[in-house]
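Trainee: Following the hints, put chain B in place on chain A, whose structure we already have.
Chains as they are written, first to last, in the numbering used here: chain A, 1 to 478; chain B, 479 to 768.
No wet-lab data here; the hints were simulated from the structure. Bear in mind that the values here come from a model prediction, so they are computed numbers and not experimental data. Hints should not be assumed to be uniformly reliable.
Within a straight-line C-alpha distance of at most 30 angstroms, the following computed DSBU-like cross-link-like pairs (lysine-lysine) qualify [what the hints assert, rightly or not]: (1) 518(B) x 272(A); (2) 518(B) x 320(A); (3) 714(B) x 173(A); (4) 647(B) x 705(B); (5) 661(B) x 740(B); (6) 752(B) x 3(A); (7) 447(A) x 486(B); (8) 250(A) x 132(A); (9) 672(B) x 555(B); (10) 173(A) x 622(B); (11) 173(A) x 480(B); (12) 622(B) x 714(B); (13) 480(B) x 622(B); (14) 752(B) x 501(B); (15) 250(A) x 517(B); (16) 517(B) x 19(A); (17) 517(B) x 320(A); (18) 672(B) x 173(A); (19) 441(A) x 752(B); (20) 752(B) x 19(A); (21) 622(B) x 19(A); (22) 740(B) x 19(A); (23) 501(B) x 740(B); (24) 532(B) x 270(A); (25) 607(B) x 740(B); (26) 752(B) x 647(B); (27) 740(B) x 441(A); (28) 320(A) x 555(B); (29) 3(A) x 607(B); (30) 486(B) x 19(A).
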Amino acid sequence: MLKIPEEFVRNILFWIQEKRWLLIIALMGIVLYQLPYPDNISPEGYRTLILTLIVIGLILTEPVPLPAVALLIAILEVAFHIAPAAEVAKSYMNDSVFFIMGSLMMAVAIVHQGLDTRLALGIIRLTGNNVKHIVLGFTCISALLSSFIGEHTVVAMMLPVGLSLVRNCSHQKPIPNLTALILFSIAYGSTVGSIGTPSGGARNAIMLEYWRTISDAGISLTYFQWIIMAYPMVLIGMVGTAFMLQVVFKPEFNRMDTAIRRLKIQVAHKGKITGNEILTIIIFALVFLCWVFLNERYGLGIIAISGAFLYMATGLVEWKQVSQNTNWGVILLFAGVISLGVQMKNTGTAEWIGNSLMSQFAFLMDQFSFIPYVLNILLTTIMSNIMSSSGTVAVLGPITLSMGGEPLYMGMTTAISSAFGYFSAIAAPACMIIYSSGLVKITDFLKAGWRMALMSIGTLLILYYFYWPLVVRFTNFK
Amino acid sequence: MKFLLAIKNTESDSRNILDIGCKIAEGFSADLTICYIGKKSQSLIEGDVNLARKSLAEWNIHHPGLEVLEWAYSVLKEKGFADDTEFNVQNLVEEEGRIRMVLPMQGNYQIRLVLREGELLTELNREVKRGEFDLAILGAPDRKRMTHKFAQFLETSIFFVKNFQPHWKYKILLCVDDSRATKRAVIFSTRISKQFNAPIISLTVSKTSFFGKGYRNAHSWAERYLKRVGIPFESKFSSGDPVEVFIQEAGSDHIIIMGKAKGSELLQFARGSKPIHTAQQANCPVLLVQ
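Isolated chain A (complex conformation) (with noise of 0.2 angstroms):
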């Protein structure tokens, strides 16, 4: 009789154990498939509901690699008969794709530059040597920088300030309390900034996206247009974040001279500010511009990409460091995430699944219009925290537009929610250097998590309620 060799089933059993999760989402897939289809939605919906679990356990559990979830995307798309290979491939390419390339790219773009020891002496020069001024100081420049040239490029800019803060003053003694001041400062200040405008995040500039080819209303929103919904909820949330953190991290001691003096000599090095530095913040003040102004005529995506053709044109980066440094896993996955969301609309997938939602709080619904929304910030926050939250608005978008609510709050609402995810080091890139550079306690995010994500919820309840209405009915721009 043949016999298998014991190191070849130890290989395969360690695959096994390895790749659980592909198997596990496989079959799942496969028994799926094979049940009978519910009365009412369309094979072609159901076939896609199916691809959308798929999608969201590969994305949690990551067996394969990203970029291969969305090759997968592409081929089940075609082979469930869900649409066409034609219509497949051209909906991997839109605008918010674009503007997730440019954004990396100009990303790696300004961290080339070394702008963040300018930011250094910028922020010591505001705040002075008190503690409280730090704080606050750190928080409202990560959150009104994050809302406009993106988290991901103010968290690399700021955090080597912040945590050589910590590592200046630690030398004396131990201070856990005012590390995690310091360190979620810089974290959930840049979170609660990046939904102030369409370029604070690849989520928001998804939502656009989705507005326009899902929803049935074709809403357009504007970058000016966006600033006016959300801009309060930055504002509220930077000032609340720091006195939040206040609340619960009480710092050891309330002045920080022998760390600011050593900053200031780490940095003082650098000299005056360079041409190159110059030319950096006058491209990106330019992108700027032309996303406020010509947003409508040129889309955010193609402003973007002009912007990190101008970082490379002018020779601020070389191509290759733009290509080492950009995740292209990340824009692809996207880009096929978003086409899936699309598939969601076109065969009633995203519309069958929030009204099964809804149809569970029907009792409700008719004394209280806010439960959609109320629902979907439950859903998208929970969903954030253990996702990330660009993969939320990609994944849920297409079904919040879908529960009922105005399109428009409940786009905002999702996009907003995606920011709360307080609670875990994997939702935003921040946390989780914070969190792995070992300076605080996964504890550390649930004492301010929740206190943050109260706020926050508030907040945007109240924006909900009380706000967007008068905004929409006095100018009048959806």
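Mentor: Here is chain B on its own, set in the frame of chain A:
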């Protein structure tokens, strides 16, 4: 020989692993690789995290894993196991999903520092396969299932450093049976016994009062070998459930050394094996020799 030491932080558990690892490596004049496996960020935010890390590196704030390795290297220097070379991040080499620090040769052995990111078992397995290590020394996992996976899937001998107290006087409990790895376990035990200056208890356990020929032969071979190398030892036969007897006999002041089971991998995966159950339940360091 090549030994791998996996550490997870700069706390006392990791110091104990370094302590015991250095001592054993000294006995074998083995090359030592210290490996830190950090948690990998979610792929969705990995690019952003890497960008921030690059920016941090310009401020001389390096990957937290490098700080752990720097600490480990300073411990080795403290113990006189490494010479006074400076830990220099300029000497880092990035290769095939890992970061390695190039260090000069230390007399007749080499120390390597390796940083990896990802799932613990997968990365450790990759490192073991890449380096063809003879022994992996690591802390005992918190979950029993993880101990099982390490014992089954790491293709090398494994030393689980569990409840190790550096100042205790340890004895060695050598578990002898008819498995193929027993002979290597006996050889390992003599070297470790010399390093720790610890007497050996050679124990053979049968489920019934009858001891088969294989057990008796293995036991007498072990006795002869220990006599020949001149190590003080005590020889015992015992009846009962082997795992329970080993654990009871070892208590917390022994180092258990036993051969890795060589039975069906499928059965091992489903039900475990004597060495796996011993490693899971023992209250002391356990060395499973392959």
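Trainee: What hints, given by number in increasing order, does this structure fail?
Mentor: 1, 3, 10, 11, 18, 19, 27, 28
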